[in-house]
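Chemist: Spelled out, the chains give:
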Amino acid sequence: MIWDTRNSTYTFTAQEFPILEKQNWLIHLHYIRKDYEACKAVIKEQLQETQGLCEYAIYVQALIFRLEGNIQESLELFQTCAVLSPQCADNLKQVARSLFLLGKHKAAIEVYNEAAKLNQTDWEICHNLGVCYIYLKQFKKAQEQLHNALHLNRHDLTYIMLGKIHLLEGDLDKAIEIYKKAVEFSPENTELLTTLGLLYLQLGIYQKAFEHLGNALTYDPTNYKAILAAGSMMQTHGDFDVALTKYRVVACAVPESPPLWNNIGMCFFGKKKYVAAISCLKRANYLAPFDWKILYNLGLVHLTMQQYASAFHFLSAAINFQPKMGELYMLLAVALTNLEDPENAKRAYAEAIRLDKCNPLVNLNYAVLLYNQGEKQGALAQYQEMEKKVHLLQDSSSLEFDAEMVDMAQKLGAALQVGEALVWTKPVKDTKSKHRTTSTSKAASLQQPLGSNQALGQAMSSAAAYGKLPSGAGGTSHLTKPPSLPLEPQPTVEAHPNEASAQIREK
Amino acid sequence: MAAASSSDSDCGRAESAQLFPSSPSNEASSKWLDAHYDPVANIHTFSSCLALADLHGDGEYKLVVGDLGPGGQHPRLKVLKGPTVLTESPLPALPAAAATFLMEQHEPRTPALALASGPCVYVYKNLRPYFKFSLPQLPPNPLEQDLWNQAKEDRIDPLTLKEMLEGIREKAEVPLSVQSLRFLQLELREMEAFVSQHKSKSIKRQTVITTMTTLKKNLADEDAVSCLVLGTENKELLVLDPEAFIILAKMSLPSVPVFLDVSGQFDVEFRLAAACRNGNIYILRRDSKRPKYCIELSAQPVGLVRVHKVLVVGSTQDSLHGFTHKGKKLWTVQMPAAILTMNLLEQHSRGLQAVMAGLANGEVRIYRDKTLLNVIRTPDAVTSLCFGRYGREDNTLIMTTRGGGLIIKILKRTAVFVEGGGEAGPPPAQALKLNVPRKTRLYVDQTLREREAGTAMHRTFQTDLYLLRLRTARAYVQALESSLNPVSVTAREPLKLHAVDWRDSDGYGTRKKTVCFSNCGQPGG
Chain U
1 MIWDTRNSTY
11 TFTAQEFPIL
21 EKQNWLIHLH
31 YIRKDYEACK
41 AVIKEQLQET
51 QGLCEYAIYV
61 QALIFRLEGN
71 IQESLELFQT
81 CAVLSPQCAD
91 NLKQVARSLF
101 LLGKHKAAIE
111 VYNEAAKLNQ
121 TDWEICHNLG
131 VCYIYLKQFK
141 KAQEQLHNAL
151 HLNRHDLTYI
161 MLGKIHLLEG
171 DLDKAIEIYK
181 KAVEFSPENT
191 ELLTTLGLLY
201 LQLGIYQKAF
211 EHLGNALTYD
221 PTNYKAILAA
231 GSMMQTHGDF
241 DVALTKYRVV
251 ACAVPESPPL
261 WNNIGMCFFG
271 KKKYVAAISC
281 LKRANYLAPF
291 DWKILYNLGL
301 VHLTMQQYAS
311 AFHFLSAAIN
321 FQPKMGELYM
331 LLAVALTNLE
341 DPENAKRAYA
351 EAIRLDKCNP
361 LVNLNYAVLL
371 YNQGEKQGAL
381 AQYQEMEKKV
391 HLLQDSSSLE
401 FDAEMVDMAQ
411 KLGAALQVGE
421 ALVWTKPVKD
431 TKSKHRTTST
441 SKAASLQQPL
451 GSNQALGQAM
461 SSAAAYGKLP
471 SGAGGTSHLT
481 KPPSLPLEPQ
491 PTVEAHPNEA
501 SAQIREK
Chain P
1 MAAASSSDSD
11 CGRAESAQLF
21 PSSPSNEASS
31 KWLDAHYDPV
41 ANIHTFSSCL
51 ALADLHGDGE
61 YKLVVGDLGP
71 GGQHPRLKVL
81 KGPTVLTESP
91 LPALPAAAAT
101 FLMEQHEPRT
111 PALALASGPC
121 VYVYKNLRPY
131 FKFSLPQLPP
141 NPLEQDLWNQ
151 AKEDRIDPLT
161 LKEMLEGIRE
171 KAEVPLSVQS
181 LRFLQLELRE
191 MEAFVSQHKS
201 KSIKRQTVIT
211 TMTTLKKNLA
221 DEDAVSCLVL
231 GTENKELLVL
241 DPEAFIILAK
251 MSLPSVPVFL
261 DVSGQFDVEF
271 RLAAACRNGN
281 IYILRRDSKR
291 PKYCIELSAQ
301 PVGLVRVHKV
311 LVVGSTQDSL
321 HGFTHKGKKL
331 WTVQMPAAIL
341 TMNLLEQHSR
351 GLQAVMAGLA
361 NGEVRIYRDK
371 TLLNVIRTPD
381 AVTSLCFGRY
391 GREDNTLIMT
401 TRGGGLIIKI
411 LKRTAVFVEG
421 GGEAGPPPAQ
431 ALKLNVPRKT
441 RLYVDQTLRE
451 REAGTAMHRT
461 FQTDLYLLRL
471 RTARAYVQAL
481 ESSLNPVSVT
491 AREPLKLHAV
501 DWRDSDGYGT
511 RKKTVCFSNC
521 GQPGG
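Respectively, the protein sequence lines represent chains U and P. Under our numbering, the first residue of the first sequence carries the number 1, and numbering increases by one thereafter. Under our numbering, the first residue of the second sequence carries the number 1, and numbering increases by one thereafter.
Be aware that a few hints might be false.
Said to hold, decoys possible - Where chain P lies over chain U, by a calculated footprint (3+ residues, C-beta under 8 Å): (1) 84–91; (2) 346–352.
What the hints assert, rightly or not - Derived pair list, reagent style DSSO-like, types lysine-lysine, alpha-carbon separation capped at 27 Å: (3) U:Lys-141 to U:Lys-174; (4) U:Lys-34 to P:Lys-235; (5) U:Lys-180 to P:Lys-326; (6) P:Lys-81 to U:Lys-34; (7) U:Lys-180 to P:Lys-328.
Said to hold, decoys possible - Simulated restraints, written as ranges between beta carbons of each label pair: (8) P:Ala-475 to U:Gly-69: 21 to 31 Å; (9) P:Glu-190 to U:Ser-85: 43 to 53 Å; (10) P:Arg-469 to U:Phe-290: 19 to 29 Å; (11) P:Arg-471 to U:Gln-207: 25 to 35 Å.
I should point out that these hints are in silico values taken from the structure, not numbers from a laboratory. Backbone N, C-alpha and C define an ideal beta-carbon position, used for all residues, glycine too.
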């Protein structure tokens with residue numbers, strides 16, 4: 001029973017000088033539980049008792065200040081800590097971190113370098129140095145530091161930062177390399193998986209993209225970015241219902257996402273529910289009025305709905321935001337053709353051809369218009385231009401062309417050579433009525449009284465129909481095609497980056 | 001069902017919590033019996049300060065709580081039997097950890113209770129104070145000692161003493177004592193008095209216990225003699241002999257330990273995992289004075305539990321991570337809310353080991369590896385929990401809440417934890433219908449009208465647009481001619497005139513308003 005005597009002697013000395021670290025454990029436990037109020041109470045008590053000498057209490061107080069957004073105050077407290085124990089790298093690290101958060105990257109680098117002198121094997125110092133250099137745009141140094149950090153200890157965060165540098169430098173391949181290594185190291189990190197998936201998508205390696213996005217979704221079925229990207233891939237394959245089911249999750253989590261409503265709209269478009277499509281796209285447009293892709297899709301759907309006046313407005317708005325895209329001008333031309341303004345339509349086509357050097361569709365549509373206007377020479381020139389582009393595309397890639405486009409091209413070719421409208425009107429009717437949407441079926445019914453004028457109308461509406469093709473891809477979706485056929489010659493390559501970039505910008 | 005069969009009358013609030021209309025809670029209520037719920041039990045503690053043991057050797061297991069008291073003001077040792085507090089005694093300082101362990105082989109084999117608090121471990125037997133172990137004093141810095149010795153003999157004046165001590169603080173490996181640190185803070189005029197008052201004392205450095213656990217001495221049996229393992233503020237781990245209370249082994253860590261987990265036997269082979277304040281987990285083995293492996297979390301650990309051979313760590317990033325005993329990452333599970341506390345659930349009868357995690361959203365989740373077995377919803381966030389034999393019931397879950405409440409649940413004997421007992425399959429949001437905006441009759445009519453007269457609309461619109469532009473231009477020219485145009489005050493902020501046309505609801509330009517406004521304050525350039 002030595003208990004009591006010892007206890008009393010202990011309390012006697014304790015009154016003289018309390019142990020500084022007496023309640024550090026309690027401060028820490030409250031801190032990691034995020035119970036900051038209780039934590040602050042203990043810190044206050046502890047600092048009073050020790051007359052401000054308890055370093056850890058100051059340290060945690062500074063951490064809490066920083067979490068609460070009082071970065072300047074946290075910086076001052078960390079500096080106090082650094083004075084209390086100058087040999088501790090941790091304090092310097094926190095000083096640097098606060099400097100970094102205040103945007104003083106150069107000062108942060110200096111302090112980190114000092115901390116690195118005290119502790120050479122800390123990945124965190126190297127990592128944060130790297131991040132500071134990124135903000136200073138010194139990518140070489142940043143890479144060096146991040147690689148150092150990886151060398152000391154591998155962390156997902158370091159991989160992400162390295163990948164970001166490569167993306168900032170525009171080096172997709174290197175970024176993919178880094179993310180591949182990262183996924184190998186940490187196969188369940190959904191952020192890494194999603195980013196890698198999106199990068200593959202951007203490069204058009206769909207199999208791998210889908211694989212990684214799918215993995216991300218298995219680990220986190222509510223991952224916003226992965227769902228959007230995977231959904232858009234499903235849409236290009238025509239799985240609109242599956243994509244819509246996936247989108248429901250996002251619609252619940254992020255109900256105000258413009259790309260989401262754009263994609264949902266294009267799903268409905270693919271399912272031929274045009275009114276729903278327009279509703280969704282208009283919501284997307286409301287949420288992001290300056291996004292030309294949404295305007296593009298709106299124009300497209302309105303073209304399909306034969307609302308050419310509205311289509312014209314949306315397309316011209318899209319052109320205002322994105323004046324460098326040939327397909328937009330082509331769609332505008334189609335709208336103008338239908339609004340009986342061939343002069344402006346021709347100018348739009350000319351602009352489209354000037355901007356778009358490899359899409360044969362532009363030339364074909366233009367040729368049809370010229371032919372219908374009776375300008376056979378011009379039509380022939382455009383036709384030949386189109387053939388050139390087709391050959392070029394065939395040489396460079398094994399893409400198959402849309403059957404309808406080929407069909408139309410053949411008919412136009414025949415018409416141009418023979419010079420008789422009658423020769424190609426008949427087969428047109430057959431192919432048309434099979435799977436044309438509202439716009440064309442109406443035109444087909446008009447075709448009954450044969451004559452050159454009707455034939456012209458026919459050709460025009462078919463041109464309108466073709467107009468849809470690239471955008472189907474460009475926007476988000478496509479209609480009625482089996483998923484195995486890679487249909488669109490050029491747009492496919494361009495369409496998906498749109499998708500991906502839309503997602504990436506969301507970050 | 002379980003809510004209805006609950007045996008206690010106090011658990012009204014627990015019942016209502018069980019009736020949440022989601023499937024996991026229904027599932028949970030079928031596995032657990034609500035034995036007791038007291039929202040005002042006034043227990044504020046951590047999982048490390050809870051222990052279950054047969055303290056009197058009568059086969060009736062008691063709950064030992066090292067209670068911090070409300071606001072950490074009145075630390076008490078409480079022993080509960082069933083729902084009632086059996087004994088309650090005040091403690092000299094806040095308890096950091098509580099553990100029960102067998103000290104010797106003699107019959108009756110009643111376990112002793114150890115309570116770590118400040119620099120001491122208080123050992124109780126039969127709930128009576130038995131022994132107090134104090135951490136040994138840390139060796140003072142020899143230079144500092146030397147300086148104070150000189151001061152004692154008045155060979156050094158306070159100012160030089162201060163300078164010298166500051167020099168030591170800047171460089172030395174061994175930190176200064178509290179006495180010296182206090183001295184350094186003093187004003188010049190106070191120094192003399194301070195030195196004369198304290199110079200005769202030997203300088204002391206004392207550290208405190210931050211965490212404690214037990215480690216079997218030489219047998220793996222359930223009721224084998226165990227050593228105490230202490231983690232201290234000066235980054236050391238100590239293993240104490242259970243009988244003599246001498247330090248058997250000392251290991252040092254790079255940071256202050258917060259949570260400990262030990263497996264094996266001290267005399268044979270053991271593995272010690274220590275989660276530290278720098279966010280790292282160090283793994284040590286017998287005969288290793290320094291850590292053998294290191295796990296870097298990049299966040300603070302909030303709990304450390306070993307399930308079979310897997311180390312499960314909860315982090316402040318709201319996730320559970322599984323690691324091998326060599327520190328290789330196995331899996332990660334994301335939690336819906338911050339983790340407050342963690343502990344081991346061990347159901348001996350079925351050989352089940354799982355991790356329980358108390359979350360800030362009032363859930364307690366039970367995981368086996370990364371599969372969710374069960375979710376218990378509680379009326380308040382659970383801040384400490386433990387599972388084991390209580391009273392005469394084998395599988396009892398004891399939880400205390402943030403508000404000081406106590407919840408006791410009993411696992412039904414028929415209950416089997418199966419995978420997918422918690423949430424599985426697609427997220428619930430997937431079943432919700434999409435909120436697609438509806439279109440009105442007016443819209444449909446307008447659409448039809450546009451189809452019929454699209455060209456006319458377009459032309460009207462274009463004509464009107466031209467007219468509008470013309471009118472605007474005319475008005476502008478007129479304003480310029482009659483010198484009515486607004487003039488910018490400074491050259492750096494030129495005025496801009498904008499003409500904007502508003503289309504009305506149908507958007508086809510059938511009706512138009514002209515709005516012309518000037519935009520000032522645009523930065524130049």
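Chemist: A separate judgement is required for each hint: does it hold in the structure or not?
Modeler: Going down the list of hints, with the structure as the test:
no.	hint	result
1	84–91	holds (count 4)
2	346–352	violated (count 0)
3	U:Lys-141 to U:Lys-174	17 Å, holds
4	U:Lys-34 to P:Lys-235	24 Å, holds
5	U:Lys-180 to P:Lys-326	24 Å, holds
6	P:Lys-81 to U:Lys-34	32 Å, violated
7	U:Lys-180 to P:Lys-328	19 Å, holds
8	P:Ala-475 to U:Gly-69: 21 to 31 Å	50 Å, violated
9	P:Glu-190 to U:Ser-85: 43 to 53 Å	23 Å, violated
10	P:Arg-469 to U:Phe-290: 19 to 29 Å	23 Å, holds
11	P:Arg-471 to U:Gln-207: 25 to 35 Å	59 Å, violated
In summary, the structure is inconsistent with hints 2, 6, 8, 9, 11 from the numbered list given earlier, while agreeing with the others.
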